[in-house]
Each structure stands twice: as C-alpha cells, then as structure tokens.
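Peer 1: Line by line, the protein sequences are chains C and W. Every letter in the first sequence is one number past the one before it in this note's numbering, and letter 59, counting from 1, is 59. Every number in this note's numbering is 254 more than the matching position in the second sequence, counting from 1.
By construction, these hints were calculated from the structure, which means they are not laboratory data. Among the hints, erroneous ones may be present.
[Claimed, not checked] Within a straight-line C-alpha distance of at most 25 angstroms, the following computed PhoX-like cross-link-like pairs (lysine-lysine) qualify:
hint, chain 1, residue 1, chain 2, residue 2
1, C, Lys209, W, Lys430
2, W, Lys302, W, Lys430
3, W, Lys302, W, Lys467
4, C, Lys209, W, Lys467
5, W, Lys489, W, Lys350
6, W, Lys350, C, Lys25
7, C, Lys209, W, Lys415
8, W, Lys430, W, Lys370
9, C, Lys25, C, Lys72
10, C, Lys209, W, Lys382
11, W, Lys375, W, Lys467
12, W, Lys505, W, Lys430
13, W, Lys302, W, Lys502
14, W, Lys302, W, Lys483
15, W, Lys430, W, Lys375
[Unchecked claim] Derived, one-sided and incomplete: chain W residues facing chain C with beta-carbon distance under 8 angstroms:
hint, residue
16, Ile314
17, Gly319
18, Thr322
19, Met325
20, Gln326
21, Lys386
22, His391
23, Asp393
24, Val394
25, Asp402
26, Leu404
27, Tyr425
28, Met427
29, Gly439
We put the CB at the ideal spot given by N, CA and C, even for glycine.
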Amino acid sequence: MRPIYVFAALMVSFLMMPLVSLLAKTPIHAYSIGILSSPAMAAFRLSFLSSTVSAAIIFILGTPLAYCLAVKKSRLHRMVELVVELPAVLPPAVAGIALLMAFGRQGTMGAVLSAMNMNIPFTALAVIIAQIFVSAGYYIKAARSAFESIEPAIREESLSIGANEWVMLTTIYMPMVVKTLISGCMSAWSRAIGEFGATMIFAGNLVGKTRTMPLAIYTAMQSNMNTALGLSVIMLMVSAIVLLLSRQLTHSVS
Amino acid sequence: MAKRLMLFLAVAFGIGLTGCTASADQQRTDLSVFIASSLNQPMEEIAKAFEPTANGVKVILNAAGSQTLRMQIEQGADADVFISADERHMDALLYKGLADTPSVIAYNRMAIIADKSADIKEWHDLAKKGIKIALAHTDVPAGQYTIDVLDAIEQDQPGFKQMVLNNVVTYEMSVKDVAQKVLMGEADAGIVYVTDIPLTGDHQARLIDIPNKYNITSQYLAVAMKDSKHSDAAKSFIEFILSDDGQKILKRYGFTPISEN
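Please work from the sequences and hints to get the whole structure.
Peer 2: Laid out in structure tokens, this is it:
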C-alpha cells in the first residue's frame, strides 16, 4: 500500500469517527424528542430565521465591499481585507467580548444606543449581530475571488463608455458569478446557524428569544443527553444539506 | 522504507494518543480535582497551600457547573476528587457506585447582586417592571436554589415570583456568568451565591442580602472517586480542605465553614 493512501485514509477515518458515532449513539426516540419538544422548535425557528436574516444582510452589505476589494487594489484595501477576515478566525469568546465592548450597555456605542432607546444584549438582534460578525468574512472572501475571476477588460471597457460602478456591479458582475455568490451566502449562513460562543456571551440564553440551536444543545446537555443528541443530529443534517446544495451550485458553474 | 516510515508514524501517533503517560515522572502525582465553579478561587488557594504538604502531588483543578462535571465523570473523565455544589449530582454518582461517602466541606447561601446604577436597593425591587435580571438555569444547582428562594418569598407575597421571572433576560449555565453579566453592566441584577460577589475591587455591583427566612443553605460535598488511582492523595486533599487551614481560606472567600452552621 502506498503511504499516501494510508495517510489519506487515516485522516478521513478520523474525521468520520465523531460524525458516525453521533449518529450511532443517538437512540431513535431521541429524534422525536429533539424535533417535537417546543423549546427545540423555538430554538430551531430562531436559528433558522436569524441566520437567514444575517445572510441577507451580509449579502446586501458584503457584495459591494467584495466588489471594491476585487477591482481596486491599494494599501488601504489590504487593511480592509484583514478586518474582513479577522472576525471569522477569532476565538468565539473573543468575538463575544469584543461585541459586548462595542454594543453592550457599557460599550463604546452603549451611550449612543441607549440615547436611541436601543438595548442590544439579550435580544434577537444581538444574535443576528453576533452571526454577521463571525460569518461575513466567509461570504466576502468567496464573492471577492469570484469577482476577481472576471476579466478586468470588461470593466474597463464598460467604464469607458460611461457605465458607473453600481450599474457595473449589479448588471454585469453579479449576474456573471451569481451561483458562486449564492454558494458564498450559504457558507456564511451555515457558519451563522452554528454560532455559539459569541452568542452565549453577547446574547445570553433565553428560550424563544436568544436560545439558538447550539445554545439549546449546550443547555440540554446539562439535563438530558438524549435531547442534546437528537438536536445535534438535526444540526448535522441541516449542515450536510446546505453543504451539498452549495457544492451542487458551484459544481454546475465550472 | 516507506513501510518502516509508516510503522514509525503509527507508533508515534499511538504514543501521542495515550498522552505520554509512560514518560511521566514517577515522583509526581497529578491529582485531578473536579470542582463546582463557585469554588474556583478558594480552591486555587487551597491547592497551593496543600501541595507543599503532600509529597509530589500536583493538584489539577477542573472547574465547571456541577452538572457538567457529573456528566464528564459519567462519560468516563478521570477525576480523583469531585466537589459538588448540591446533593443531587453527588447522589447520582453514589447511586452508580462511582464514589465513596461524601463529606460536607462548606456551606453557602444566596444573595442578590445588583448594578449600583440600577434602582435596586432591596430584594422587593427585583419585581420592579423593566429591570433586566440574569438568573442561573434551573439545571444547575444555583438555579434550583434561586427557584427555592423565589418560592419562599412567593409564600408571603403571591405574584412575586412571576413578576421576577418576567424580568429575566437570560438563564446562564454557570452562576459565575450571572455575576459576570451584572458586573459588566449588561444585566441590572441577578441571584447568585453570596460568594460570587467580589468583596473588593473596582466594580459597579452591590450585594443585597436575602433574609434568612427566605434564604437557603447550600452544601458543598466532596468525595474521593472509587476508581481513582491516587485515592490516598485524594483523601488527604479532602482532609486538608476540612482542616483549619482549608476552612480559613473558604471563610475568607465568604463561604460558611462547617463549624459555623
């Protein structure tokens, strides 16, 4: 046997082990507990809605940024790239504390927010903010490299005949790579639905309001392992489906 | 050649997995002590005081909610000593035959922690409309004790419990996180162990007493695990906690020593 296959097999079996064990160790009735209990339903609804809203906001605000990063290169852009990619690689606890320092009651924006009578921590808005913060980088990175793959001459010519950047982005660039953009959105979405650490620190843990699926799993683990297992399997399936869909999209592109 | 390399790597991998236990110094004993998170600070100090008296024993603390610790132990974690914040989790392990008879090492009680800038001066104020309260989740001992306190007040003041619960913005999985949310000013008040409120230091929180007739007395129970490989060290660590030195440290952090209850 070639060592290359042995290494490859070792790696893949290691990655498979926890996933298969999760499925194997979950008793059948745990699925129904997981799906049917009303706190679990509330958590699933909250997770689904919040990550969809997050992905939509990331799409709306992230696409123009990705476009700027793709077509204009300068020292400033390199700094912006760092800012875009950093939150995604930060330890979640750091992200949570950073969000508190910014949007918490005592945070740098706290006074402004409370003057506007807005209180972010412990609300669904906090859940969404945490999700956007940690997952925006995934979409922006994907969108940027998609835009970079477009021949620059197309843009230069269009600009020379008087098209502006906004028209350029929405009518030429975005339609050309729409599938990659959607798949980028989906990977941001799946990162958002899995957000745990920053949510726990920044948004708290309240049924129906801020208890997302990952928090529900963590909470269930304290009292009922089977519920935690059932919910985990649901999340595993959701993630697998999203991954398959997004691969389908990008594959049909190339 | 390739085969030999493979063998080497497999062996290296195997050694890595078993955590190099074979090469550990025989003189040294790592005593793994699982403690309820409310005990974190005094236990660090007790461990530091204990180590010089015990030849070559190094105390490794693992602090988490009692329920998490119990689950870790049930799932096979290697604990030598388990110190729980309530009897429920201890009983579960005793029932499964995993632990010996526990000893009470200290007592605690509940108190209200409140942000100084919030308009909360006494326990009645928890029912005020619009304040933000953080509580411990009922699956952790502090959360159970919180409900016990609210139930006791409810006897005298019907409706109080629901008004307080309506103000709850988060149920934390660790009582330390309840205190933290108030100390950071994100929540106005919370119900925690009296020991969770820092006695000194630069913070914006005040302690509000809960009258004895409503308050609870919680017990901390310590036990040496049955399948511990260091049961002598485990027992002497528990003895040290019960000694004058150990009790003094616990008292300094606001716990009630066993002699004073």
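Peer 1: Next step is simple, just say for each hint if it's right about the structure.
Peer 2: Each hint, compared with the structure:
1. For the proposed pair C:Lys209 and W:Lys430, the alpha carbon gap of about 22 angstroms is at most 25 angstroms, so the pair holds.
2. The hinted pair formed by W:Lys302 and W:Lys430 meets the criterion: a straight-line CA distance of about 22 angstroms does not exceed 25 angstroms.
3. About 37 angstroms separates the Cα atoms of W:Lys302 and W:Lys467, which puts this hinted pair outside 25 angstroms; it is violated.
4. Restraint check for C:Lys209 and W:Lys467: not satisfied, since their Cα atoms lie roughly 34 angstroms apart, outside the 25 angstroms limit.
5. Simply put, W:Lys489 and W:Lys350 have alpha-carbon atoms about 20 angstroms apart, close enough for the 25 angstroms limit, and the pair holds.
6. Only pairs whose Cα atoms come within 25 angstroms are accepted, and W:Lys350 paired with C:Lys25 is accepted, the gap being roughly 21 angstroms.
7. Straight-line distance between C-alpha atoms of C:Lys209 and W:Lys415 comes to about 20 angstroms, which keeps the hinted pair within the 25 angstroms bound.
8. Our distance criterion of 25 angstroms between C-alpha atoms is met by W:Lys430 and W:Lys370, whose separation comes to about 19 angstroms.
9. Only pairs whose Cα atoms come within 25 angstroms are accepted, and C:Lys25 paired with C:Lys72 is rejected, the gap being roughly 52 angstroms.
10. For the suggested pair C:Lys209 and W:Lys382, the alpha carbons sit about 21 angstroms apart, so the restraint of at most 25 angstroms is met.
11. Between W:Lys375 and W:Lys467, the direct Cα distance comes to roughly 19 angstroms. Compliance with the 25 angstroms bound is thereby established for this hinted pair.
12. The hinted pair formed by W:Lys505 and W:Lys430 meets the criterion: a straight-line CA distance of about 19 angstroms does not exceed 25 angstroms.
13. Our distance criterion of 25 angstroms between C-alpha atoms is met by W:Lys302 and W:Lys502, whose separation comes to about 14 angstroms.
14. Distance check on the hinted pair: W:Lys302 and W:Lys483 sit about 21 angstroms apart at the alpha-carbon level, within 25 angstroms; holds.
15. Proximity of W:Lys430 to W:Lys375 is assessed by CA-CA distance (about 22 angstroms); at most 25 angstroms being required, the pair is judged to hold.
16. Violation of the interface hint for W:Ile314 is found here, the shortest Cβ-Cβ separation to chain C being roughly 22 angstroms, above the 8 angstroms cut-off.
17. The beta carbon of W:Gly319 is positioned within 8 angstroms of a beta carbon in chain C (closest approach about 7 angstroms), and the interface hint is therefore held.
18. The restraint placing W:Thr322 at the interface with chain C holds, with a minimum CB-CB distance near 7 angstroms, inside the 8 angstroms limit.
19. Hint status for W:Met325 relative to chain C: holds, with the closest Cβ pair at about 7 angstroms, below 8 angstroms.
20. Annotation: interface hint on W:Gln326 violated; nearest CB of chain C at approximately 11 angstroms, more than 8 angstroms.
21. The beta carbon of W:Lys386 is positioned within 8 angstroms of a beta carbon in chain C (closest approach about 7 angstroms), and the interface hint is therefore held.
22. Because the beta carbon of W:His391 sits about 7 angstroms from the nearest beta carbon in chain C, less than 8 angstroms, this interface hint is met.
23. Nearest Cβ of chain C to the Cβ of W:Asp393: about 4 angstroms, under the 8 angstroms cut. The hint holds.
24. At a threshold of 8 angstroms, the smallest CB-CB gap from W:Val394 to chain C is about 7 angstroms, leaving the interface hint in force.
25. The interface hint given for W:Asp402 is violated, since its Cβ lies 17 angstroms from the closest Cβ of chain C, which is over the 8 angstroms cut-off.
26. For the restraint placing W:Leu404 at the interface with chain C, the shortest Cβ-Cβ distance is roughly 17 angstroms, beyond the 8 angstroms limit, so the hint is violated.
27. Below 8 angstroms, beta-carbon pairs count as interface contacts, and W:Tyr425 has one with chain C at about 5 angstroms; its hint therefore holds.
28. The restraint placing W:Met427 at the interface with chain C holds, with a minimum CB-CB distance near 6 angstroms, inside the 8 angstroms limit.
29. Satisfaction of the interface hint for W:Gly439 is found here, the shortest Cβ-Cβ separation to chain C being roughly 4 angstroms, below the 8 angstroms cut-off.
Consistency with the previously given hints fails for numbers 3, 4, 9, 16, 20, 25 and 26, ordered from lowest to highest.
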